[in-house]
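Enquirer: Next come the chains, spelled out residue by residue.
There are 2 protein chains.
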Amino acid sequence: MYSRKVLKFLEKNKIRLNDKAKIITLDDEIEGILLNRPDYLEDDTLIIKLSNGYNIGINLRNIKSIKVISKTKPVKTINSKDKIPKKPFISILHTGGTIASKVDYRTGGVVSRFSPDELIKMFPDLKNYGGIHSVFLGNMFSDDMRFSHYKKMAEAVKAEISKGSKGVIITHGTDTLGYTSAALSFMLENVPIPVILVGAQRSSDRGSSDAGMNLICAVKFIKKTSFKGVGICMHENNNDEACVILSGVNARKMHTSRRGAFKTINNDLIARVEYEGNGITFLSEHHNKSGKFKAMTGMSDKVGIVKIHTNFSAEQISFFEEKKYKGLIIEGTGLGHAPISETDKLTKEHSRIRKAIKSLIDSGCVVVMCSQAINGRVNMNVYSPGRDLLNMGVVSGDTMISETAFVKLAWLLGNYKKEEAKRLMNENLRGEIKKRLLL
Amino acid sequence: MYSRKVLKFLEKNKIRLNDKAKIITLDDEIEGILLNRPDYLEDDTLIIKLSNGYNIGINLRNIKSIKVISKTKPVKTINSKDKIPKKPFISILHTGGTIASKVDYRTGGVVSRFSPDELIKMFPDLKNYGGIHSVFLGNMFSDDMRFSHYKKMAEAVKAEISKGSKGVIITHGTDTLGYTSAALSFMLENVPIPVILVGAQRSSDRGSSDAGMNLICAVKFIKKTSFKGVGICMHENNNDEACVILSGVNARKMHTSRRGAFKTINNDLIARVEYEGNGITFLSEHHNKSGKFKAMTGMSDKVGIVKIHTNFSAEQISFFEEKKYKGLIIEGTGLGHAPISETDKLTKEHSRIRKAIKSLIDSGCVVVMCSQAINGRVNMNVYSPGRDLLNMGVVSGDTMISETAFVKLAWLLGNYKKEEAKRLMNENLRGEIKKRLLL
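Protein chains in written order, with the working numbering: chain A, 9 to 447; chain B, 9 to 447.
If you're looking for bench data, these hints aren't it; they were derived computationally from the structure.
Only a predicted model underlies this, so the values are computations on that prediction, with no experimental measurement involved.
Ideal placement from N, C-alpha and C gives every residue a C-beta, glycine not left out.
Some hints could be false.
Said to hold, decoys possible - Only part of the chain B face toward chain A is listed, based on derived beta-carbon distances under 8 Å:
id: 1; residue: Phe17
id: 2; residue: Leu18
id: 3; residue: Asn21
id: 4; residue: Ser59
id: 5; residue: Phe149
id: 6; residue: Tyr187
id: 7; residue: Asp309
id: 8; residue: Lys315
id: 9; residue: Ala322
id: 10; residue: Gln324
id: 11; residue: Gly342
id: 12; residue: His345
id: 13; residue: Ala346
id: 14; residue: Ser359
id: 15; residue: Arg360
id: 16; residue: Glu411
Unchecked claim - Straight-line C-alpha distance at most 30 Å; calculated DSS-like pairs for lysine-lysine:
id: 17; chain 1: A; residue 1: Lys310; chain 2: B; residue 2: Lys443
id: 18; chain 1: B; residue 1: Lys310; chain 2: A; residue 2: Lys271
id: 19; chain 1: A; residue 1: Lys353; chain 2: A; residue 2: Lys334
id: 20; chain 1: A; residue 1: Lys426; chain 2: A; residue 2: Lys232
id: 21; chain 1: A; residue 1: Lys75; chain 2: A; residue 2: Lys16
id: 22; chain 1: B; residue 1: Lys310; chain 2: A; residue 2: Lys310
id: 23; chain 1: B; residue 1: Lys443; chain 2: A; residue 2: Lys13
id: 24; chain 1: B; residue 1: Lys310; chain 2: A; residue 2: Lys356
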């Protein structure tokens, strides 16, 4: 938030947040939109969003004059709540997150508190893209998502399909968006429409917000595509040229704050959607399955992730046996390794780790190996510790990132018998395992 | 390994592994070095390394003729064991890993079993770069590294320095190389020479191995640099043009198998070292500290990492209190979050998670928040759950990757009192925290 001094200056010059203004400084002339101040910048710096999408800061003492070029337009009300449009319509399911947040000007932090209608009001452009049916599912930060929320979302998607929806958008916080997209990918078997998760890295009431563009690109994509399945629509990079549609499996948030934070791992992008203009480029073939649509929403609660690190201890594995876990993802090192070799007198703990893994598997837990290297394939046949783990019954996570493997294992154990779940872990159900991968 | 049929064909044509050969196929003429066959390719494909660094596969049935252009040269013996060269010398400390591995032709897997002398024999080029003092520390896969091995390495570096070494190379497996480089960065305060860790993604007896080039580039760098500190020398990307020198803090293995797997996170590269020619480009300024060199090798064993995921449970935190951990890295989501808000009736577990974190901190454990997004800064002031965690006493990991934060916390708790350790977590000791970072 700006200081009192800046606010007075803005008031005197009749500039409000999100107005477009011309600023003459000591050595330059700048046009752009006045944004709110991020909390980490010094008080007396105005933040201006330039037409190329970048933001610059200008200190008050360098400003000779400031003048409004155009005011922000008041938005029209669309009252879409519970009224199902008659014409082909798109559904928006709201779950919360930054995309539905605004800045709390008392504390300077971001709070989660837009209603679905308020959000639609903020983006009048959505109207140009057809009827919208808006459904409120929740207003939460995505780190609070639990498996039971996935079930609610899957059922809400099913309900929209039965009402005739042409495509579903789910607004969602970015923190765990990749987990949710993976869960819905597995839960919605043969889904007959596109289901696109949309998040934002900057809250909707900020000029630098990516919320509007991500939403609008998702709508554009749904209107033009024959893709049936679960995807994600987020900024391609840090400018405002295009969004990308990522497959719902193996998408990962790879930056804490940038708008182009989502990357598809060991996988191809589905499409690139230009923001202005109508360009949609399909970047990989999608093979829509034609089987019967079914929502399988079971999830086993007793599944965990453990990350291997140096100086690891056996008790970190035994914990999962004591607590009767049904599934465990080991985020191993490199090609899929864990410290299980007693190579010198300093590595006596490693025999205990080996025994703990064996004992956990013997207790009935399905143990799957992924890699903390993130990119590339797990291949436990190359080195002897990997082969030993395979022989003990550890299942390879192949090209799955650990987050997808975690969700898949919980879903499999929630819907299938253990041996079938174990077998299906290595089968490519939704595009999560790539046969061919560039080394 | 090649099939019997291929081996017969090669024998008939007097071609051995690593010979340079001209191959005439049905529609092409190819020159290159014959490599061994990776296990995942079909049996009857010859693997040829081209002069541009890429490998191609040629099926036997397409080959019209094959002819040797030049044979591999036998290497000369350098007996360097325990003899300290008289002239300026570089030390190589051997710890094992793929760089010191060869393929076991019985099983097809890779085993760790070169002696230091054998390794030096394999790279006669090293001779051109001055005297080498070779020290055997171990022959282990790096996933088996424990804190006590870091202590051994730091002490061995100290011993080499006292003998007059101009620079130390440590050969090391790549799986946990980033953990070790961080540990040595902290342990070796004001180290007066470059200490460069070198690994390989492909074993040394394969034609596609990166072992030789990584080693030679490390030697080149040491001979030309004024850098004092701990770094890593690995392939820049997947061709054989150059290696990069990465800072020892915040380097991460980002691919399971590619040669250019190591990336510096939230940090700049130190230098780029051309393989052929003498080009070294320094990519960031290094500020060598001039204080007294000291090896501080204490490490606290009771430090762990826990990864947050959806459907997380409080018992995964309480475990660390029950087991009396002194430090814990939480690999949170996004800007540094954990599920601690009871937003609806499905999130009752979250109050328990909040209490478990609070109770763990009250028990005396130092809890540090990093992000599973890997890139970008942890900023817990933006959203209310982050601020709540800060208020509970969680320490921000700032720009540190969780692996570096883990090693740093264990090192701080091994050498300082708790309150001092907590304070130093947020101080930039070795370049691990960046004040300025591009958003």
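Enquirer: For each hint, tell me whether it holds in the structure or not.
Expert: Hint check:
At its closest, the beta carbon of phenylalanine 17 of chain B sits 26 Å from a beta carbon of chain A; the interface hint therefore is violated under the 8 Å criterion. Among the interface hints, the one on leucine 18 of chain B is violated; its C-beta lies about 24 Å from the nearest C-beta in chain A, farther than the 8 Å criterion. A distance limit of 8 Å between C-beta atoms decides the matter here; for asparagine 21 of chain B the minimum to chain A is near 28 Å, and the interface restraint is violated. Residue-level restraint check for serine 59 of chain B is violated (minimum Cβ-Cβ distance to chain A is 20 Å; threshold 8 Å).
Evaluation of the phenylalanine 149 of chain B hint against chain A yields a held restraint, the C-beta minimum of about 6 Å falling below 8 Å. Of the supplied interface hints, the one on tyrosine 187 of chain B holds, with its beta-carbon coming within about 5 Å of a beta-carbon of chain A, less than 8 Å. Nearest Cβ of chain A to the Cβ of aspartate 309 of chain B: about 6 Å, under the 8 Å cut. The hint holds. Annotation: interface hint on lysine 315 of chain B holds; nearest CB of chain A at approximately 5 Å, less than 8 Å.
Evaluation of the alanine 322 of chain B hint against chain A yields a violated restraint, the C-beta minimum of about 11 Å exceeding 8 Å. The beta carbon of glutamine 324 of chain B comes within 7 Å of a beta carbon in chain A, closer than 8 Å, and the hint placing it at the interface holds. With its C-beta approaching chain A no nearer than about 4 Å, glycine 342 of chain B sits inside the 8 Å limit, and its interface hint holds. For histidine 345 of chain B, the shortest C-beta to C-beta distance to chain A is roughly 4 Å, which falls under 8 Å, so the interface hint holds.
The criterion of a C-beta within 8 Å of any C-beta in chain A is met by alanine 346 of chain B, whose closest approach is roughly 6 Å, and the hint holds. For serine 359 of chain B, the suggested interface contact is broken, since its CB lies about 11 Å from the closest CB of chain A, more than 8 Å. For arginine 360 of chain B, the interface hint is violated, the least distance from its beta-carbon to any beta-carbon of chain A being 13 Å, above 8 Å. Checking glutamate 411 of chain B against chain A: minimum C-beta separation of about 7 Å stays under 8 Å; hint holds.
At most 30 Å may separate the alpha-carbon atoms for a hinted pair to count; lysine 310 of chain A and lysine 443 of chain B exceed this at roughly 41 Å. The suggested pairing of lysine 310 of chain B with lysine 271 of chain A is violated, with an alpha-carbon distance near 34 Å, which exceeds 30 Å. A hinted pair counts as satisfied when its Cα atoms are at most 30 Å apart, and lysine 353 of chain A with lysine 334 of chain A does not qualify at roughly 33 Å. Distance hint between lysine 426 of chain A and lysine 232 of chain A is unfulfilled; the C-alpha atoms sit about 41 Å from each other, more than 30 Å.
Distance restraint check for lysine 75 of chain A and lysine 16 of chain A: the Cα-Cα separation of roughly 15 Å lies within the 30 Å cut-off, and the hinted pair is therefore satisfied. Among the hinted pairs, lysine 310 of chain B with lysine 310 of chain A is consistent with the structure: their alpha-carbon atoms are about 26 Å apart, no more than 30 Å. Under the criterion of a C-alpha separation no larger than 30 Å, the hint pairing lysine 443 of chain B with lysine 13 of chain A is consistent with the structure, at around 27 Å. Pair hint lysine 310 of chain B plus lysine 356 of chain A holds up; C-alpha atoms about 16 Å apart against a cutoff of 30 Å.
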